[in-house]
Every structure is written in C-alpha cells, then in structure tokens.
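There are 2 protein chains.
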Amino acid sequence: MMEFLTGVKQKETVGIQEILEGDYKGKCVKINGAVHNIRDMGDVAFLILRKADGLVQCVYEEGKTDFNIKELKEESAIEASGVVAMEERAPFGFEIRLKSVRVLSKPDEVLPIAVNKYKMHTSLEARLAMRPVSLRNVRERAKFRIQEGLVRGFRDFLHSQGFTEIHTPKIVARGAEGGSNVFRLDYFNKKAELGQSPQFYKQTMVGVYDRVFEVAPVFRAEKHNTTRHLNEYIGLDFEMGYIDGFEDVMAMETGFLQYTMELLEREYHKELKMLDVSLPAVDKIPSVRFDKAKELVSEKYNRKIKNPYDLEPEEELLIGRYFKEEYDRDFVFVTHYPAKKRPFYAMEDPADPRFTLSFDLLFKGLEVTTGGQRIHDYQEILAKMEKRHMEPEDIASYLMIFKYGMPPHGGLGIGLERLTMRLLDEQNVRETSLFPRDVTRLEP
Amino acid sequence: MMEFLTGVKQKETVGIQEILEGDYKGKCVKINGAVHNIRDMGDVAFLILRKADGLVQCVYEEGKTDFNIKELKEESAIEASGVVAMEERAPFGFEIRLKSVRVLSKPDEVLPIAVNKYKMHTSLEARLAMRPVSLRNVRERAKFRIQEGLVRGFRDFLHSQGFTEIHTPKIVARGAEGGSNVFRLDYFNKKAELGQSPQFYKQTMVGVYDRVFEVAPVFRAEKHNTTRHLNEYIGLDFEMGYIDGFEDVMAMETGFLQYTMELLEREYHKELKMLDVSLPAVDKIPSVRFDKAKELVSEKYNRKIKNPYDLEPEEELLIGRYFKEEYDRDFVFVTHYPAKKRPFYAMEDPADPRFTLSFDLLFKGLEVTTGGQRIHDYQEILAKMEKRHMEPEDIASYLMIFKYGMPPHGGLGIGLERLTMRLLDEQNVRETSLFPRDVTRLEP
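Residue numbers (this note's numbering), protein chains in the order written: chain A, 1 to 444; chain B, 445 to 888.
Honestly, I wouldn't trust all of these hints.
Unchecked claim - In silico BS3-like pairs for lysine-lysine, Cα to Cα no more than 25 Å straight-line:
(1) Lys70/A with Lys30/A
(2) Lys635/B with Lys190/A
(3) Lys387/A with Lys550/B
(4) Lys634/B with Lys191/A
(5) Lys11/A with Lys728/B
(6) Lys831/B with Lys106/A
If you are wondering where the hints come from, they were derived from the structure by calculation, not from laboratory data.
Could you build all of it, start to finish, from the sequences and the hints given here?
Following this line, the structure appears as structure tokens:
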C-alpha cells in the first residue's frame with residue numbers, strides 16, 4: 001500500500017524544443033506558459049505564451065475554441081491545447097491553433113509596466129523598483145541567462161583543468177583583511193564580519209587540492225554609489241598551486257574566457273542575438289606593465305600622470321581605448337601593480353619590490369579581475385605583516401598554512417556582474433545583478 | 445613588442461592520470477606535489493608525494509640521485525624527476541625512481557598532527573582547530589570531493605531538466621520570514637539581516653524562468669549546539685512552476701538523487717572506496733503521510749505519540765529505522781506536515797487545511813530536505829498572512845509577484861552538509877563542512 005517516487009514525472013505538456021525537434025505538425029498538443037500578450041483583432045486574436053525559453057504564438061479563432069478570449073488576462077498561467085501549424089512569421093516558425101485553454105492561475109491586477117513590450121523604455125530606477133516582475137521582460141531575463149552561461153563556463157572549464165569546487169564561510173572573524181569597508185555583525189556575542197573575499201580560505205585549500213575554485217557572494221561596505229560598484233556581488237574565485245609565476249594565472253583566465261565565449265556562442269546564441277551582443281575576441285589577450293600602460297596612455301592621449309602608483313578610472317578607460325584602437329582588443333591584462341596598492345599577501349617582484357607579481361584584467365576599460373601570485377613562505381609573510389604593522393595573532397589560522405608548508409601559488413577573483421555588464425555593453429552594473437544591493441537599495 | 449596570453453600554459457610536469465593513460469613506463473618524467481611522507485630505510489627511502497588526485501610513491505636510492513633525502517622535509521612542495529616503473533604495491537600500480545628533486549617551498553615547522561596517517565585518530569575538536577592543515581589528510585579531503593560531486597549532480601541534473609541557475613542577495617531587508625533565529629546587521633543605517641533561505645527570491649524567479657535553482661550559503665542564528673545544526677550552511681534550492689502538485693517536486697528530487705548517485709559511482713569511486721561508503725538505493729523512494737508515519741512508528745516501536753503536530757528528532761530516527769527494516773530504504777518522504785509547523789506561504793491541503801501540501805525528505809532518519817507546494821494566489825496569501833498577523837507592507841516586493849500573477853509552483857531546499865553527513869555515515873555535521881560555523885566556532 002506504500003507509495004513510491006521513482007523519478008522525474010513525465011509531463012503531458014510539450015516544450016518549444018520538443019516541438020522544434022519532433023514531428024508535431026498538424027498534431028494537437030498541450031503547452032503551458034504565462035499569457036504574455038493578447039492582441040485581439042475581433043474574430044481572431046493572437047495570444048503570446050511566455051515560456052522559459054521563448055515566446056510561443058497561439059491563435060484564437062472565435063467559434064473554434066471552447067473559451068472566450070475576453071475572459072483571459074495577461075500574466076495568467078495557462079495550459080493551452082491546440083494544433084501545431086507552421087508559420088514563418090511566428091517566433092520559432094510555428095504557431096498553435098487553439099482548441100481550449102485551462103486557466104491555472106490569474107493575476108489580481110494588471111501590470112503597471114509594459115513587461116510584454118520587446119524594449120521596455122522604462123528608467124533603470126523604475127525597473128529596479130519593480131524588479132520582481134520587470135525581469136519577466138524577455139530582454140531583461142536574457143541578460144541573466146547569459147550570466148548563467150558565464151558561471152557555467154567558469155565551473156566547467158576549471159573542472160576540466162583539475163580544479164575542485166569549494167564552499168567557504170561568509171561569516172568570518174573580525175580583523176583579517178579588514179579595513180573600513182566591511183559589514184559587521186554580532187555573532188553570538190563575538191565580533192564578526194561578512195567576507196570581503198574567500199582569499200584566505202581558497203589559499204588554504206590549495207594546500208589540500210592544489211587547485212580550487214568558488215562561486216559565492218562577496219560583501220563590500222563601500223559607501224560610494226557608482227555605476228560600477230555593488231555592495232554584494234558574486235565572486236568567481238580560483239586559486240592554483242605549483243605555478244611558475246603569475247603568468248600561469250593569467251593564462252588560466254585566458255583559457256576560461258576562450259572556453260566560455262565558445263559556450264555562449266553555442267548554447268546562448270538566442271539571448272546574445274536578442275541583446276545584439278558581439279562576443280569579444282579572446283584568442284590572444286595583450287599584457288602590459290602598469291607603469292608602461294600609464295606611459296602609453298599619457299603619450300597617446302596627451303594626459304599628465306598625476307600619481308604614478310595609482311590607476312584612476314579614467315586611466316583604465318583610456319587603457320581600454322588604447323588597446324582597442326591599437327590592437328582591436330577588448331581585454332587587456334595590466335601587470336605589476338605597485339605594492340602599496342596591493343594587500344600584504346601579494347608577492348613582491350624580486351626585480352623591484354615597489355611592484356608586485358600581480359595583475360588586473362580590464363574589459364573595455366573596466367577592471368573585472370584582480371589576481372596575482374601570493375607569498376607562500378612563512379617568514380616572508382610574517383616580515384611583510386610586520387612592515388604593515390599587522391598582528392599575526394589576528395589571523396593565526398591563516399598563517400598556519402604557511403608555517404606548515406604551502407606550494408607556490410596564485411589566483412584571481414572575477415566580479416561576475418561587471419563581467420556581464422561589459423559583455424552586454426550595459427552602462428550600470430545594477431543592470432546585471434538580479435536584485436542589486438547598493439548604498440540606498442536593500443530591496444527588492 | 446607587446447606580449448599576449450593565448451590560453452592555458454602547457455606544463456612540463458605530468459599528472460597521475462596522464463601516467464596511467466600514457467606510455468610512460470621506463471621514461472623519465474617530472475611530477476610535482478607535496479612531500480606527504482618519507483620512510484627512510486637507510487640506503488633506500490620511500491617518498492610519498494601528495495597530489496590533488498592521490499598519492500604517488502617515489503623511490504630514493506642513495507647514489508642514484510643528486511640530492512640528500514635527509515635534507516627534505518615533509519610538507520615541502522617539490523618537483524621530482526625520475527623514471528616511471530611498474531610496481532604493484534604502489535598506490536596506482538607505478539612508482540617514480542627518483543633522479544633529482546627541486547624544492548619549491550619549505551615549511552617552517554613540523555606538523556603537530558599526523559596528517560599523513562591514513563586514519564588520523566584525532567578528536568573532531570582537535571581536527572577542527574587545525575582544519576587548515578588537517579584537511580590535507582587524504583580521508584578528510586575525500587569527504588569534500590564527494591560533496592563536490594553532490595553539488596555537481598544537483599546542478600547538472602537540474603540544468604538537463606530546463607532549470608536556470610540564479611544568484612540572489614544574502615543581505616536582505618528585515619521582517620520577512622524573520623523570527624528570532626536571524627543574524628542582524630546594520631546596512632548603511634538600515635536594519636538588515638542575513639538570508640535564512642532564498643525562498644522569496646526563488647519563487648520570484650519562477651515567474652521569470654519557470655524553473656530555477658541556486659546553490660548558496662544560508663544563515664541561521666539558532667542558538668542550539670547540536671550534531672546536526674550549523675549556523676551557516678550551503679542550501680541546494682530549487683523552485684519549479686506549472687506543477688500539478690507537490691509530488692512533482694518530490695519526483696524531481698528523486699531524479700536528482702538517481703542522477704547524482706550514478707555520477708558519484710562513476711566519477712568519485714576512489715573517494716567512496718577510501719571512505720568505505722555504500723551508496724543508498726534511490727530507484728524508488730517511499731512516501732508516507734506525516735500522521736501515518738507517526739502511527740507506524742508508535743505501533744512498531746511501542747512509543748506514545750506526545751504531540752500529533754510535531755516530529756521529534758527521535759521520531760525521525762525511528763521513521764528512518766522503520767523504512768530501513770520494512771522496505772530496506774535509506775530515504776523516505778514524509779508528506780502533509782501540519783500547517784502550524786510550516787511557513788505562511790505553504791499551500792494548505794484543500795482536503796484538510798490543518799495539513800499542508802508539503803514534505804520533508806529523511807535520509808537515515810535525518811531531515812535533509814524541506815519542500816512543498818506554495819500558495820500562488822494573491823488573495824489567498826493575503827488571507828493567510830492576516831490569519832498569522834503579518835503585515836503585507838513588510839514584504840511588499842514579494843507580494844508583488846502574486847498580485848501580478850504567478851503559476852502554480854513548488855520547490856525545496858536541501859542542506860548540503862547534512863546530505864553529505866548521512867551519505868558518509870558521519871555522526872556530526874561539522875565533519876562535512878570545510879570550515880563549520882556553530883555557536884562557539886567562528887574560526888578557522
């Protein structure tokens with residue numbers, strides 16, 4: 001008398017892909033979705049069904065169906081029955097000639113914004129305020145399908161390269177990389193903060209698995225409200241041991257980008273086309289030293305170098321422009337950042353310790369990655385901490401890994417929303433975060 | 445003169461898999477790794493190299509190598525050169541007869557715990573305190589490879605079923621599901637908390653993509669220190685639209701388990717064998733009503749039902765035992781939980797509104813999943829909130845999705861560490877979290 005679950009239930013309804021691949025012409029099918037749009041032309045009406053992978057045109061002819069189109073509301077969820085017919089002008093080259101409709105759910109009110117228009121023409125502010133429903137717009141949701149592709153590419157590629165996926169805690173003890181831009185919280189009467197990066201943990205895990213990666217939220221309490229900062233974002237992090245230099249890390253990132261652009265081209269073509277995205281060339285990515293990049297830009301664009309140890313956002317933009325104009329490249333690695341601007345664990349360049357064996361990756365003039373080789377020697381990291389007046393006791397469990405031996409290693413962190421933003425040529429990083437967190441925005 | 449990165453750098457060193465698959469017998473190779481163990485027998489010494497995917501036996505014979513084994517320390521990172529020879533007694537059936545060793549890094553101190561023993565025989569407390577290095581033990585790290593496999597299985601299976609991966613914020617506005625067990629923080633002078641689950645967001649995204657999933661940290665400020673609770677854990681969450689009932693959700697979870705057990709068998713066989721894990725049968729998973737389960741257990745084990753609306757941990761254990769003894773099953777779905785014990789968004793059973801269309805999945809008597817069908821009608825959810833004295837304004841952006849129309853939907857959340865714990869027959873959930881967070885533990 002006991003009931004058993006034996007696996008995924010076969011549905012009676014069909015999907016778009018099934019219709020495209022199967023022999024459904026002239027056959028009656030059941031298909032479900034949300035009523036995206038109704039164009040009522042009197043005797044005939046077009047009912048556009050919104051499904052996860054696209055829109056399906058359904059045709060209503062009075063007298064041929066057992067329901068009244070006037071009673072159907074947009075954003076109702078329905079199960080439609082009808083006959084598949086070829087129709088060149090319909091989204092996937094077919095339409096459903098409706099026989100009947102079963103209403104699964106109804107909205108309470110009419111949408112206040114034109115979610116069912118191809119382009120919404122609504123301000124970012126308004127779209128964000130209505131995000132839970134504005135994401136139903138086909139172009140809005142296409143962005144996050146492409147974002148999914150970037151994450152899949154990151155994981156699948158690294159897996160193929162012998163990396164192990166890890167999950168590290170986001171509530172961490174106070175005092176580590178610290179500084180002013182951390183969110184603090186009380187953890188059972190202990191002082192805690194939200195992780196600004198999985199840096200210490202991923203380095204730790206290099207001692208365990210040699211190569212590791214993590215995809216997880218990162219928290220930064222930065223107070224400036226810009227078009228490129230979020231206070232919570234998704235970090236694509238990896239860390240690899242047994243490197244010969246930080247160039248190995250850049251090479252691995254190049255491999256990730258190559259793999260991922262191919263994946264997008266192959267599996268996210270529809271979304272790329274919808275958003276009119278041209279994928280950047282990643283067969284070879286130029287690499288330029290930090291000081292050299294400043295010089296090149298200063299010369300070409302006749303711009304004075306104000307601070308030799310810092311890159312201003314405008315300089316990053318100009319570096320991007322330079323490599324676009326001179327080499328037709330959207331990506332450029334900038335290497336050997338000044339030690340002053342890098343965290344204590346960054347390895348200094350033995351040839352000139354004012355600089356580090358580190359890099360940023362700029363994408364159309366915006367930093368989307370920070371990485372480099374890390375110090376692996378215990379005495380060296382202690383000396384570096386002393387120079388920076390840091391207390392070893394504060395991060396004893398991190399230092400433990402060096403004390404007991406760590407291979408040479410390096411890694412990087414990519415900001416997922418920024419990478420998506422540049423890929424889609426968006427002007428504000430909030431466009432590419434499902435539910436962005438900024439200084440004024442805690443909802444939705 | 446510009447340098448370019450063109451993709452992953454080819455390494456001179458070989459990996460274990462390469463040696464196993466290639467024609468390396470009698471050939472000289474370079475291989476890197478950590479010195480896991482040195483057994484010095486005088487003229488001959490065995491040097492065990494630890495790599496991500498296993499241990500490699502290297503043989504040192506005095507006079508045949510250009511270095512002194514006495515100078516090598518355990519936990520040094522090295523690059524060894526030597527000749528591959530077949531050797532049945534070595535871990536993968538081969539060993540490396542050393543010619544030379546290049547030391548890449550050295551530890552500062554000797555490990556205080558026997559990481560290089562097959563079984564550590566060290567208390568959980570001691571292992572957790574030393575977690576950054578105790579994870580280097582081959583059996584410790586095998587657990588988290590299997591955990592990786594569970595996550596891969598979850599994602600790959602759901603992707604194949606048309607689910608889209610999403611990333612939702614972990615810093616959320618105060619007031620939602622709330623209660624006492626939330627971590628609170630100040631978010632730019634606004635009251636915020638850490639997400640207890642992605643519930644509202646994943647439901648929201650069903651309106652966008654029909655089927656979605658997320659793998660992300662979940663935070664619970666529960667004050668009890670038990671063997672099955674963590675204050676931060678990884679939630680495997682999915683939510684699916686257009687369901688006919690909550691049975692569709694259970695069927696999907698069954699499919700996930702079937703897919704994943706096969707994946708583990710195929711790709712994580714080495715780790716399963718090392719930890720002596722037998723995979724549970726998942727071809728069919730029994731399902732029993734909550735009230736019926738209480739009855740069965742009460743009858744068979746002669747136990748009084750104290751509270752008909754709650755399952756005590758001991759009762760869960762007995763339900764697990766019952767289905768093991770009667771049906772030889774490790775998993776059992778318990779359905780129709782009392783409405784009182786479920787959140788406001790749970791759909792009540794129209795046949796008896798004291799119960800909900802919901803379920804837990806027990807694995808060897810431990811709850812590893814909670815799921816069910818959700819209310820999708822705007823008026824219905826408002827009425828339910830009123831009954832529970834909740835304020836609609838507090839969660840206006842969540843309620844927005846129902847106001848403007850949502851399909852029938854349901855979903856579930858799986859606790860990754862608990863699932864891993866039961867699979868590996870561990871007795872404490874801290875064993876299966878890389879860096880566990882509990883009431884007293886904020887480090888490492």
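Results of checking the hints against the structure:
1. The suggested pairing of Lys70/A with Lys30/A holds, with an alpha-carbon distance near 21 Å, which does not exceed 25 Å.
2. The straight-line distance between the Cα atoms of Lys635/B and Lys190/A is roughly 19 Å, inside the 25 Å bound, and the hint therefore holds.
3. Of the pairs offered as hints, the one joining Lys387/A and Lys550/B holds, with about 22 Å between alpha carbons and a cut-off of 25 Å not exceeded.
4. Straight-line distance between C-alpha atoms of Lys634/B and Lys191/A comes to about 19 Å, which keeps the hinted pair within the 25 Å bound.
5. Among the hinted pairs, Lys11/A with Lys728/B is consistent with the structure: their alpha-carbon atoms are about 19 Å apart, no more than 25 Å.
6. Proposed proximity of Lys831/B and Lys106/A is supported: the alpha carbons are some 22 Å apart, at most 25 Å.
Of the numbered hints listed earlier, not one is contradicted by the structure.
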